[in-house]
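*Asks:* Position chain C relative to chain Y; hints supplied.
Residue numbers (the working numbering), protein chains in the order written: chain Y, 1 to 264; chain C, 1 to 264.
Don't read these hints as lab results, they were simulated from the structure. Just so we're clear, the structure is a prediction, and the values are computed from it rather than from any experiment. Don't take every hint at face value.
The list treats identical chains as one, so a pair stands whether inside a single copy or across any two.
As the list claims (entries may be wrong) - Computed list of lysine to aspartate or glutamate pairs in DMTMM-like fashion (alpha-carbon distance at most 25 Å, straight line): (1) K141 with E103; (2) K242 with E155; (3) K131 with E155; (4) K256 with E105; (5) K157 with E49; (6) K252 with E103; (7) K242 with E147; (8) K57 with D13; (9) K141 with E181; (10) K157 with E147; (11) K218 with E105; (12) K77 with D214; (13) K54 with E23; (14) K131 with E65.
As a plain string of letters, each chain reads:
There are 2 protein chains.
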Amino acid sequence: MTNLILIGLGLHDENGISLQGLEEAKKATYVFAEFYTSYMPAIKISNLEKLLGKQIKILSRKEVEEYTQENILVHAKKYPCVFLTPGDPNIATTHIDLRLRAENEGIRTSIIHSASISSAIAGATGLQNYKFGRTVTIPFKSTSISEIPYENIFENKSRGLHTLALLDINSESRLFMSIPEGLTIIIEIEERLRKRCTTRNTLAIGVARLGSPDASVKAGTIENLLRFNWGDPPHCIVFPGKLHFMEIEALKILCKADPELFEI
Amino acid sequence: MTNLILIGLGLHDENGISLQGLEEAKKATYVFAEFYTSYMPAIKISNLEKLLGKQIKILSRKEVEEYTQENILVHAKKYPCVFLTPGDPNIATTHIDLRLRAENEGIRTSIIHSASISSAIAGATGLQNYKFGRTVTIPFKSTSISEIPYENIFENKSRGLHTLALLDINSESRLFMSIPEGLTIIIEIEERLRKRCTTRNTLAIGVARLGSPDASVKAGTIENLLRFNWGDPPHCIVFPGKLHFMEIEALKILCKADPELFEI
Chain Y
1 MTNLILIGLG LHDENGISLQ GLEEAKKATY VFAEFYTSYM PAIKISNLEK LLGKQIKILS
61 RKEVEEYTQE NILVHAKKYP CVFLTPGDPN IATTHIDLRL RAENEGIRTS IIHSASISSA
121 IAGATGLQNY KFGRTVTIPF KSTSISEIPY ENIFENKSRG LHTLALLDIN SESRLFMSIP
181 EGLTIIIEIE ERLRKRCTTR NTLAIGVARL GSPDASVKAG TIENLLRFNW GDPPHCIVFP
241 GKLHFMEIEA LKILCKADPE LFEI
Chain C
1 MTNLILIGLG LHDENGISLQ GLEEAKKATY VFAEFYTSYM PAIKISNLEK LLGKQIKILS
61 RKEVEEYTQE NILVHAKKYP CVFLTPGDPN IATTHIDLRL RAENEGIRTS IIHSASISSA
121 IAGATGLQNY KFGRTVTIPF KSTSISEIPY ENIFENKSRG LHTLALLDIN SESRLFMSIP
181 EGLTIIIEIE ERLRKRCTTR NTLAIGVARL GSPDASVKAG TIENLLRFNW GDPPHCIVFP
241 GKLHFMEIEA LKILCKADPE LFEI
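Extracted from the complex, chain Y is given alone in its bound form (with noise of 0.2 Å):
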């Protein structure tokens, strides 16, 4: 029996959970909830508990992380429990951490997949998705900018592949990078090392809001694209590796880039 299932609830609102993932959490006796590994834009607590017929009880990455035997452990010993997360279970490292844990005490736990925006941006964009390189998230600027994602696009697009870069969030101070924010530390580590991977002239895709009806998909240049109006976040980057006919296709028609860029 399963005491702990994790479910995901997709990109944009509550309606984004399955059929399956509502019928578990119906049955369950307690519903955690986590809103601190993504920013899910429409989402409504309250609907949710109507669509559950129960209370969902929010936690925080502390009382996940660090208080979990008060929180979570304690009840899903005895019953059956579930935690709705943004997006797909696991692909963020505290969840893995809570089913460890989980499992070292004797709960047995599972997980109710859903959208998660690691394989939805090929869709978005219309890339495909076998030529995605490593993933890479662009934190915030502290003391130093870290030089680990320019690295990394620039070792997938040597190899011809794309990169998905995730932008830093940090929902207790509700703060979320925007697209024009992290092209910006992009183009100042390439202007400290030179390797002319993401110049101002290079070609880039944004997407604000990915799942959302009101998404916004554009490819340009970085210089267009830090220009752009974007909106409401979560916002994300895909720098391109090299493209196919069909993914040019794609650029021009899905994400309306302008057919002068692929002039040769």
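*Replies:* Just chain C, lined up with the frame of chain Y:
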């Protein structure tokens, strides 16, 4: 107004669709579906039709790729249509191609995302999503064996990255490559190229029926996995790169790896 919505069905059965996907499919005049890009082990079309309250027209690859005009586009020009796909739409090239042709005919398209193996694999194995390199597909043996999947696994590994290897399917003849078949092909290439990338003693993870209640996830040497009884399709394989401490824990606990494998 969107006239053709591609809706993902997720991984296992008709309950993998999201609430949003279900609502949109109910509103459509025509509902099309394909099941040739992936195998959903437990889907029952009659159940799905009951959920939607309407008939579903299932299309072959030929009908989607060659006779789209007669099948989807002619209707989507006049009426709201949906196209149901296994997993998350647009991971398969055939979906992108359909979308581009629809848009070129003035039909607005959109996607309702769902769970896909490409993100679910991280959750199922406990390996870190951002450490996956490009995904490969191991094709059925024809007159010659392609070395490309092996080369890509090797390239990912040399960067410390994990590789998801999807296994070929031929839905018309209902042929699904099994984990032992896939491993045998990879070992055959190893024995030819001798890069010591995937020998019989190399650690790998087999995953059968991901997203199903009877999913089977098992880490071990390739030799172990060749002898394991995997049961029904679909199957896939993960070739791990450099492992973090928490990933090793996940392989032991979630993937039932023999702890001795990690002793030095």
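*Asks:* With 25 Å as the alpha-carbon cut-off, assign the pair K252 and E103 to within, between, both or neither.
*Replies:* Only across copies: K252 and E103 sit 11 Å apart there, 48 Å inside one copy, limit 25 Å.
*Asks:* 25 Å Cα cut-off: does K242 pair with E147 within a copy, between copies, both or neither?
*Replies:* both (22 Å within a copy, 21 Å between copies)
*Asks:* My question is about K54 and E23: at a cut-off of 25 Å on alpha-carbon distance, are they close within one copy, between copies, both, or neither?
*Replies:* Both. Shortest intra-copy (12 Å) and inter-copy (22 Å) distances satisfy the 25 Å Cα cut-off.
*Asks:* Have a look at K218 and E105 and pick one of within, between, both or neither, based on CA distance no larger than 25 Å.
*Replies:* between (47 Å within a copy, 21 Å between copies)
*Asks:* How do K242 and E155 come out at 25 Å by Cα distance, when the copy is not named: within, between, both, or neither?
*Replies:* Answer is both: 13 Å inside a copy and 17 Å across each meet the 25 Å cutoff.
*Asks:* Is it within a copy, between copies, both, or neither that the alpha carbon of K57 lies no farther than 25 Å from that of D13?
*Replies:* within (17 Å within a copy, 29 Å between copies)
*Asks:* Since the copies are identical, ignore which copy is meant and state whether K131 and E65 lie within 25 Å (CA to CA) inside a copy, between copies, both or neither.
*Replies:* So K131 and E65 pass the 25 Å test across copies only (22 Å; inside, 34 Å).
*Asks:* Pop the pair K131 and E155 into one bin, within, between, both or neither, using alpha-carbon distances up to 25 Å.
*Replies:* both (13 Å within a copy, 13 Å between copies)
*Asks:* Using 25 Å as the alpha-carbon threshold, which applies to K77 and D214: within, between, both, or neither?
*Replies:* Answer is between: at 22 Å across copies they meet the 25 Å cutoff, but 42 Å inside does not.
*Asks:* Pop the pair K157 and E147 into one bin, within, between, both or neither, using alpha-carbon distances up to 25 Å.
*Replies:* both (15 Å within a copy, 22 Å between copies)
*Asks:* Given identical chains, is K157 near E49, meaning Cα to Cα at most 25 Å, within a copy, between copies, both, or neither?
*Replies:* neither (44 Å within a copy, 44 Å between copies)
*Asks:* From the Cα coordinates, with 25 Å as the cut-off, is the pair K141 and E103 best called within, between, both, or neither?
*Replies:* Neither. Shortest intra-copy (36 Å) and inter-copy (40 Å) distances fail the 25 Å Cα cut-off.
Hint violations for this structure: numbers 1 and 5, all remaining hints satisfied.
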